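Novice: The listed protein sequences correspond, in order, to chains A and B.
Here the first sequence is numbered in our numbering, starting from 4 and rising by one per residue.
Here the second sequence is numbered in our numbering, starting from 5 and rising by one per residue.
Check the hints yourself; a few may be wrong.
As the list claims (entries may be wrong) - Just the calculated beta-carbon pair ranges, DEER-fashion:
1) 67/A x 13/B: 37 to 43 Å
2) 85/B x 72/A: 19 to 25 Å
3) 88/B x 65/A: 26 to 32 Å
4) 8/A x 77/B: 31 to 37 Å
5) 67/A x 105/B: 18 to 24 Å
6) 64/B x 59/A: 36 to 42 Å
7) 30/B x 14/A: 32 to 38 Å
8) 31/A x 90/B: 31 to 37 Å
9) 114/A x 105/B: 47 to 53 Å
10) 45/A x 89/B: 22 to 28 Å
Source of the hints: derived by calculation from the structure; they are not laboratory data.
Everything numeric in this text was worked out from a predicted model, so none of it was measured.
All C-beta atoms in this analysis are idealised placements derived from N, C-alpha and C, irrespective of residue type, glycine included.
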Amino acid sequence: AQKITQTQPGMFVQEKEAVTLDCTYDTSDPSYGLFWYKQPSSGEMIFLIYQGSYDQQNATEGRYSLNFQKARKSANLVISASQLGDSAMYFCAMRESNFGNEKLTFGTGTRLTIIP
Amino acid sequence: SAVISQKPSRDICQRGTSLTIQCQVDSQVTMMFWYRQQPGQSLTLIATANQGSEATYESGFVIDKFPISRPNLTFSTLTVSNMSPEDSSIYLCSVARVSGVYTEAFFGQGTRLTVV
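Same shape as in the complex, but just chain B (with noise of 0.2 Å):
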């Protein structure tokens, strides 16, 4: 399995602040991918990294919103943006070695967001 570090592991924002999380794995990795569950909720795709491109965002994400970098194959930043309180959710960093028909995908440990 890969070793996902994900930081911060939890904070309190003011809204309309940003915030930066970072996810760093522990080899290179092909595909990497930034999800958000809100309070009791499952997990929904915010958008694929995609290494010396920009990311590929899911219906209702925008990048203006949730800019992501990935600057190599081991590295990738989530930020979200001008944050009001219903940004509050968990943010996981998602990781395959395999591009295309992957067979394992790991997580971080997330980052438990909350915004007053």
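Chain A extracted, bound-state conformation (with noise of 0.2 Å):
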């Protein structure tokens, strides 16, 4: 079963908008953390942002917020301000426990142009 699910394949959005990239996921598990990263087309994973399941607010790194609706089970990374440089695959992963192994699991990925 699908436990991280992004359901944008490709999204075009005008440069210096705010863009939200939809993520859900589904654990059983009540200790969990929600991830952000960005891969550029160089191929490296850059981490943008972390939000844990007990985390009382929305996390918030500069540009990147996490919209964290935990009755939803859905964790949408806002980019405020979108810039050219912000065009890149963005992929969504969940840290869940395996047998007491922690992993992360990595959702399909979202590609975001930005339009100048």
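Take the two lone chains and join them into the complex the hints point to.
Specialist: Structure, rendered in structure tokens:
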């Protein structure tokens, strides 16, 4: 069963607009963590933001914020004031416990293209 | 963040040969992981590299095909053995400083492998 779902394979957004990238997850573990990564065409994975399942506040890191709705099991990434350099693949991931081993499970990604 | 050096950054290999990928971290880390990203796909965990003991492999991955070493807390290698064109992927090393409930996980720049 798909544990992390990213329903937007691709998005085109005008420069300077805000962007919301969707991510829903499925877990029965009460303790989990949600990560967002950016992967430019160079292939590296850049850590953007983290949200823990017990965190009361939504995580923010500069222009990135995470809209965490626990009851709906969603963890959408919001990028404010988008820039051309934001064009990349974006992956949502969940840290889950597998027989005591913590590992990340990734979604299929969203390709974001910022239009000048 | 951790500085992760992964080598080689890319390689083109003949089928039937083996390639060893190195991952060097600038500081001691508790957890090291190896991922595979097939063309146009998301990331899949191959194994968790354990210091001083055998790696923990995910379903579908075996030690004979992907032997892993981790001699200390800053270094690990992944070997892709007896390669076939299906092994053409990006291979990524990832680290987390804290065991268990980690809130940051960083990636190396990846090794882009093409098997001909």
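Novice: Evaluate each hint against the coordinates.
Specialist: We went through each hint and held it up to the structure:
no.	hint	result
1	67/A x 13/B: 37 to 43 Å	27 Å, violated
2	85/B x 72/A: 19 to 25 Å	44 Å, violated
3	88/B x 65/A: 26 to 32 Å	43 Å, violated
4	8/A x 77/B: 31 to 37 Å	35 Å, holds
5	67/A x 105/B: 18 to 24 Å	21 Å, holds
6	64/B x 59/A: 36 to 42 Å	38 Å, holds
7	30/B x 14/A: 32 to 38 Å	35 Å, holds
8	31/A x 90/B: 31 to 37 Å	34 Å, holds
9	114/A x 105/B: 47 to 53 Å	31 Å, violated
10	45/A x 89/B: 22 to 28 Å	23 Å, holds
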